[in-house]
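Modelling step: build the complete structure from the supplied sequences, incorporating the hints.
Line by line, the protein sequences give chains A and B. Just so we're aligned, residue 0 is where the first sequence starts under numbering that gives the first Met the number 0, counting upward by one. Just so we're aligned, residue 0 is where the second sequence starts under numbering that gives the first Met the number 0, counting upward by one.
Simulated from the structure, these hints should not be mistaken for laboratory data. Among the hints, a few may not be true.
Derived CB-CB ranges, DEER-like [stated by the list, open to error]:
| no. | chain 1 | residue 1 | chain 2 | residue 2 | range |
| --- | --- | --- | --- | --- | --- |
| 1 | A | 344 | B | 93 | 30 to 40 angstroms |
| 2 | B | 123 | A | 278 | 28 to 38 angstroms |
| 3 | A | 303 | B | 98 | 33 to 43 angstroms |
| 4 | A | 207 | B | 35 | 52 to 62 angstroms |
| 5 | B | 72 | A | 420 | 19 to 29 angstroms |
| 6 | B | 57 | A | 429 | 23 to 33 angstroms |
| 7 | A | 420 | B | 109 | 33 to 43 angstroms |
| 8 | A | 345 | B | 76 | 33 to 43 angstroms |
| 9 | B | 99 | A | 434 | 35 to 45 angstroms |
| 10 | A | 429 | B | 35 | 22 to 32 angstroms |
| 11 | B | 57 | A | 344 | 35 to 45 angstroms |
All C-beta atoms, glycine included, are put in the ideal place defined by N, C-alpha and C.
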Amino acid sequence: MFRCVLTAAGLALFACSTVAYAQKQTIGAPPEASNMKLVGTNDLQARSAYQPTIHHQGDRWIAYIGHHGGTDDAPAPVNPMTGQAEPNGTSIVDVTDPARPKYLRHLPGQEGKYESGGAQMVRVCDGKTLPKGDPNAVYMLRTFGGEAHEIWNVTDPASPVLITRIAGLKDTHKSWWECDTGIAFLVSGAPEWRTRRMTQVYDLSDPAHPQKIRDFGLPGQEPGSTGAVPTELHGPISTGPNGNRVYFGYGTNKGGILQIVDREKLLTGPKEPTADNLRFPEISRMPMSAFNGAHTTFPMLDMPVAEFSEDKDGKTRDIVMIVDEAILNECGEARQMVWFADVTTETRPMMISSYTVPEASGQFCQRGGRFGSHSSNESMASVYYKKMAFIAFFNAGVRALDIRDPYHPKEVGYFIPAITAATDKRCIPVEGGERCKVAIQTNNVETDDRGYIYIVDRANTGLHILELTGPARAVAGLPRN
Amino acid sequence: MRRAATMLMAVIALGAVSNLRASEMPRAGGWREIAWSFPRDGWPAGRAFRCIAGGCDGAELYIRAKRGFCNCDTGVADDDEVDRVTDIDLISPRFVPAGPGHAVGVAAMLGRIRLYDLDMPDGARHAATGLALSRRCDLLVAVAQGAGEANAVQSAALVFLETEEMTRWMAEALDGR
Chain A
0 MFRCVLTAAG LALFACSTVA YAQKQTIGAP PEASNMKLVG TNDLQARSAY QPTIHHQGDR
60 WIAYIGHHGG TDDAPAPVNP MTGQAEPNGT SIVDVTDPAR PKYLRHLPGQ EGKYESGGAQ
120 MVRVCDGKTL PKGDPNAVYM LRTFGGEAHE IWNVTDPASP VLITRIAGLK DTHKSWWECD
180 TGIAFLVSGA PEWRTRRMTQ VYDLSDPAHP QKIRDFGLPG QEPGSTGAVP TELHGPISTG
240 PNGNRVYFGY GTNKGGILQI VDREKLLTGP KEPTADNLRF PEISRMPMSA FNGAHTTFPM
300 LDMPVAEFSE DKDGKTRDIV MIVDEAILNE CGEARQMVWF ADVTTETRPM MISSYTVPEA
360 SGQFCQRGGR FGSHSSNESM ASVYYKKMAF IAFFNAGVRA LDIRDPYHPK EVGYFIPAIT
420 AATDKRCIPV EGGERCKVAI QTNNVETDDR GYIYIVDRAN TGLHILELTG PARAVAGLPR
480 N
Chain B
0 MRRAATMLMA VIALGAVSNL RASEMPRAGG WREIAWSFPR DGWPAGRAFR CIAGGCDGAE
60 LYIRAKRGFC NCDTGVADDD EVDRVTDIDL ISPRFVPAGP GHAVGVAAML GRIRLYDLDM
120 PDGARHAATG LALSRRCDLL VAVAQGAGEA NAVQSAALVF LETEEMTRWM AEALDGR
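Dropping the structure here:
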């Protein structure tokens with residue numbers, strides 16, 4: 000009997016210690032991973048990172064990484080390359096050899112902390128694809144805090160040169176730039192508009208001479224309107240003149256909307272910001288639950304679905320993957336996750352499936368920081384497009400999904416980096432003060448044409464370059480490594 | 000026997016009074032708590048009150064915390080933000096600002112307040128006050144509306160929000176408790 004009690008007590012202690020381990024990351028512990036492995040890292044000067052864009056530039060691969068503003072503890076971290084305190088901006092890293100990323104340049108952004116400063120977003124186009132660009136140049140479009148969009152010549156990525164600034168804005172966010180036409184859908188807070196974020200359509204085919212085409216948003220957001228104001232924009236993705244669609248995602252963690260817009264009508268239709276003119280290019284709109292927002296709306300059109308291959312109709316489907324953004328620490332909100340919408344009949348889009356990381360698989364609500372989705376890779380390179388998607392899931396790291404059957408998405412791998420001394424704390428209010436924890440906050444993910452996966456951390460842990468291993472490689476059709 | 004019966008009645012009566020939900024008790028400034036009558040949306044429900052005395056009779060006040068806004072440093076930046084975040088659209092989507100708003104401080108939080116003309120679903124026109132206060136990345140929003148004089152309703156609502164009970168509740172709501 001006594002032995003039984005001892006055994007039970009031992010088991011209980013073991014269970015408790017396991018839970019405690021799972022709930023807390025520690026410096027020096029190995030990363031948690033399945034079918035993904037670390038290839039290389041860079042600390043990004045311990046700056047909070049938002050959007051990475053990987054560009055094949057000549058015979059080099061360059062990562063351009065946008066940053067949030069600084070933190071209370073380090074509003075302008077010191078750049079060890081210059082010895083100067085610099086407000087967070089854009090990190091430019093040579094990732095040609097992914098095992099040895101080389102930090103080339105930090106380009107300071109707007110002063111300010113957290114969402115209020117930095118240069119969070121970045122897109123890159125070659126001059127040779129832009130209709131009026133210098134064919135020898137490479138251009139980077141980035142936000143400058145909330146007040147401007149900028150275009151830089153990054154032909155020499157270590158020595159960027161400012162070309163253009165579009166300023167006087169209330170806020171900025173995740174823009175889209177068509178490299179083959181130069182049309183840009185800039186997410187801005189234009190003066191007089193009743194929303195913090197809407198779309199300003201520009202022709203940036205000649206980066207030195209931006210041409211404004213129009214402002215766009217949901218009826219009720221335009222200047223002079225009254226009544227309820229619809230959910231603000233988060234970001235659009237265009238399929239260009241061939242696809243002739245722009246997919247707009249509105250909302251972060253609440254009241255999401257997927258809006259499908261006729262690109263041609265948007266560009267050439269009546270431009271005065273009236274409610275009727277804003278409705279004119281809209282094909283349809285799919286409101287989501289009040290519990291979820293639409294951070295990323297990633298189109299995957301004409302997807303063959305194996306399950307439907309013998310059906311007389313509907314063998315291929317147009318799919319939009321919608322990723323919500325978690326905002327509150329330690330599960331202080333409804334779960335933010337990934338949704339798949341079938342938009343084959345465009346005027347009647349329908350949600351068909353969803354994906355989330357099981358909370359209990361890592362006690363993620365207790366680890367600290369945000370738990371939930373934030374964003375997906377946005378590269379449409381053939382290596383992963385319509386086969387795999389990678390989702391940044393804050394303290395649950397990055398998740399690799401097999402999406403070949405979008406009606407039944409399946410996780411096939413994950414990677415949660417280890418924390419470092421640079422990883423910043425995340426706090427929640429408790430009676431009489433705050434309680435803080437330190438955990439990975441994988442904010443964004445991007446892939447390159449070679450198949451490498453780049454994740455960046457909102458809590459200052461830097462850049463991790465990953466590759467798939469084991470069965471996950473087969474999903475993408477990659478050779479075994 | 001009669002004495003025992005009287006005592007029993009008294010005990011029952013006292014019990015009944017003590018069992019009255021806090022929500023049914025009149026509050027400082029003459030506000031009585033009523034049910035939160037709006038359908039579930041993205042934010043947890045807040046608290047609702049009806050003015051029963053003090054010059055704002057019949058006016059209603061709705062207040063709730065909205066945790067997790069991104070502009071943590073700038074707070075409630077302008078009147079457009081008041082239009083967007085206060086719950087005035089729950090009452091009616093048809094509202095028009097009656098003029099520019101102004102900065103206000105309530106319970107150690109800063110924000111903005113603005114008056115509106117509100118077309119009620121039954122066709123009546125009411126005056127409304129929208130209030131948005133920020134605490135770092137979170138918001139505390141309130142809207143008061145009624146058929147009475149707008150400034151009187153606004154003043155009564157602000158006095159009520161400054162009471163110790165409401166100040167404490169607002170802090171707890173913003174903490175997620």
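So, going through the hints one by one against the coordinates:
| no. | hint | verdict |
| --- | --- | --- |
| 1 | A/344 with B/93: 30 to 40 angstroms | holds (33 angstroms) |
| 2 | B/123 with A/278: 28 to 38 angstroms | holds (30 angstroms) |
| 3 | A/303 with B/98: 33 to 43 angstroms | violated (59 angstroms) |
| 4 | A/207 with B/35: 52 to 62 angstroms | holds (56 angstroms) |
| 5 | B/72 with A/420: 19 to 29 angstroms | holds (26 angstroms) |
| 6 | B/57 with A/429: 23 to 33 angstroms | violated (39 angstroms) |
| 7 | A/420 with B/109: 33 to 43 angstroms | holds (36 angstroms) |
| 8 | A/345 with B/76: 33 to 43 angstroms | holds (37 angstroms) |
| 9 | B/99 with A/434: 35 to 45 angstroms | holds (40 angstroms) |
| 10 | A/429 with B/35: 22 to 32 angstroms | holds (26 angstroms) |
| 11 | B/57 with A/344: 35 to 45 angstroms | violated (49 angstroms) |
Violated hints, listed in ascending order, are 3, 6 and 11; each of the other numbered hints is respected by the structure.
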